[in-house]
Amino acid sequence: MNIGVEIKTKKIKRTYNKKWLPYLLVSPYLIFVIIFVVFPVLFCFFLTFNKWNIISPMKFIGIDNYSRLFHDRLFWKAIGNTLKFLLLHIPLQLIVSLLLAYLLNQKIKAASFFRASFFMPVIVSGVVVTILWQQLLGFDFGLINKMLMGLGVAKIGWLVDPDVAIYSIAVMATWKNVGLYVILFLVGLQTVPTQYYEAAKMEGATRWQQFYHITLPMINPTIFMVVILSTIGGFSLFIEPYIMTGGGPLNTTLSAVLYIYKQAFQYYNMGYSATLGFFYAIMIMTVVILQKKIIEKEV
Amino acid sequence: MKKQQLSLKRILMYAALLIAAITFIYPFVWMIGASLAPLHEIGTMTLWPSHPSLENFRLMISKIPIGRSLINSLLVALFTTSLVLITGSTVGYALAKMQFKGRQLIFYIIVFTMSLPFQITLIPNYITMVNLHLVDTYFALIIPFAVSAFAILMFRQAFQGLPQALIDAARLDGCSEMGIIFRILWPNIKPTLVTVAILSFIGSWNEVLWPLIVIRNEQLMTMPQLVTLFAVGGRADSQLGVKIAAAVLLALPVMIAFLFFQKHFIQSMASTGLKD
Chain P
5 MNIGVEIKTK
15 KIKRTYNKKW
25 LPYLLVSPYL
35 IFVIIFVVFP
45 VLFCFFLTFN
55 KWNIISPMKF
65 IGIDNYSRLF
75 HDRLFWKAIG
85 NTLKFLLLHI
95 PLQLIVSLLL
105 AYLLNQKIKA
115 ASFFRASFFM
125 PVIVSGVVVT
135 ILWQQLLGFD
145 FGLINKMLMG
155 LGVAKIGWLV
165 DPDVAIYSIA
175 VMATWKNVGL
185 YVILFLVGLQ
195 TVPTQYYEAA
205 KMEGATRWQQ
215 FYHITLPMIN
225 PTIFMVVILS
235 TIGGFSLFIE
245 PYIMTGGGPL
255 NTTLSAVLYI
265 YKQAFQYYNM
275 GYSATLGFFY
285 AIMIMTVVIL
295 QKKIIEKEV
Chain V
1262 MKKQQLSLKR
1272 ILMYAALLIA
1282 AITFIYPFVW
1292 MIGASLAPLH
1302 EIGTMTLWPS
1312 HPSLENFRLM
1322 ISKIPIGRSL
1332 INSLLVALFT
1342 TSLVLITGST
1352 VGYALAKMQF
1362 KGRQLIFYII
1372 VFTMSLPFQI
1382 TLIPNYITMV
1392 NLHLVDTYFA
1402 LIIPFAVSAF
1412 AILMFRQAFQ
1422 GLPQALIDAA
1432 RLDGCSEMGI
1442 IFRILWPNIK
1452 PTLVTVAILS
1462 FIGSWNEVLW
1472 PLIVIRNEQL
1482 MTMPQLVTLF
1492 AVGGRADSQL
1502 GVKIAAAVLL
1512 ALPVMIAFLF
1522 FQKHFIQSMA
1532 STGLKD
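First to last, the sequence lines map onto chains P and V.
Start counting at 1 in the first sequence, then tack on 4, and there's your number in our numbering.
Start counting at 1 in the second sequence, then tack on 1261, and there's your number in our numbering.
No lab work stands behind these hints, which were simulated from the structure alone.
Even glycine gets a Cβ: it sits at the ideal position worked out from N, Cα and C.
Any given hint could turn out to be false.
What the hints assert, rightly or not - Below, computed lysine-lysine pairings styled on DSSO-like, alpha-carbon distance capped at 27 Å:
no., chain 1, residue 1, chain 2, residue 2
1, V, K1358, P, K23
2, P, K113, V, K1324
3, P, K111, V, K1524
4, P, K22, V, K1362
5, V, K1358, P, K22
6, V, K1362, P, K23
7, V, K1524, P, K113
8, P, K205, V, K1270
As the list claims (entries may be wrong) - Computed from the model, here is a short list of chain V residues facing chain P with C-beta under 10 Å:
no., residue
9, L1278
10, T1284
11, L1346
12, G1363
13, Q1365
14, I1371
15, P1385
16, V1408
17, I1442
18, W1466
19, V1493
Could you put the whole structure together from the sequences, leaning on the hints where they help?
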């Protein structure tokens, strides 16, 4: 009996230790990575030294694209816009999602209804959200301005005032994504052991003290994750300004990705656009790595 | 006294949550109402038009090939999702249950590619599509998304949790490796399958930057792309109702699916964050 089993296991090992099998199984991934990741990264780097409009032959121009990039005011403006966007988006996202998650965590009735309603914009296409908010933020006919006028307040140029437009988009993006972060914070909050709160209560700690000294330190990892995810998301800002403002007014909502897109598909500067993309990607990775470093130090 | 204070607090909490819920739901309800309203009624705060009609939808169908784009989007999302499930589980299986040289290396490559910003590959991938003559084909929309690093890692983790005995027993019965993955192991990792399927379907359905780049033929456009170009292109300026109707049609399938599979959606989306 035992011997039989042993022979059988040996047989299995012999038949299935075919050396090529695992490589065959991972080959789709390897081919994919070569075509869609390795080659593009190398090709992108190569393109940064060339001028090319796709139709006529490529022309080697050395580091001209890079010097152009460093003197390109519009590109730096686009980076600045993206940073302004993040400056409002990240704190707002953190505060609103943490607050809503904290409320949901208080043994609330109908919690699943609230959770679902916060989550609705997360799953819907950004195109829908943008078209919807266009109606809310319009100057003359927007619902928010109509409400303001009803309250006797002056209209605000949510999307036409150059000092306001990018922040309007940041609020909209927060509205779209906050539901996801509510869920992440809820998971984080539920990992805090209830004994901690009980002990704190015995010591006479107020709710705020409990929150500040127990909850916040315990959910630090979630806070950092939310910061990193919203940073990456914010750096990809594209469809909202593309539909809503086209980058205007006065290029104040031109995002970096929108500018890269325009360089490639409106002006057909493939080499220069690739340079922008290459530089921008390295910038994003640097920012994210720095964030991770700072976080690791703090934790 | 104390009890009363507590209940006041709770009332405030519910009020805050309710206000939040209204801010998230009201715009959607307003949008659906507006899509059914005649143009002169759209600018108002009222939720439901006095004479609801499908006029906006009728106009939309006559102006843009929205039905065709719906089919395009469905096809693309279904094919992409199936391919992601298949490639994700074969690669994930090899990484989880097989010993071979370079396994760890491949794992690191996968993790690295996940953190690579798409902005770097965007232009070269477009050029690859041009060179392969795939611009204006379904392939351009499907192939670049057919393999997902995230899906591979999800499947790897799910397979690692399954006992080796399950696989050995199947091999004893003469089951092929493909049979093992798809007939023996798949039924044991349903939550992972659902998560990966939902994420890649929604991802594909909502993708808009890539279609804008590789599709120029209106008959092949995906729905978000067509709606975007309609909204941006100025064709909709005088037709606000049509634009909103298009947005409703784009949102509706996902919203209905969400109402039915709420829990799965929320768990799946949350797992993208929690993986990190």
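Hint numbers not upheld by this structure, sorted from lowest to highest
2, 11 and 13
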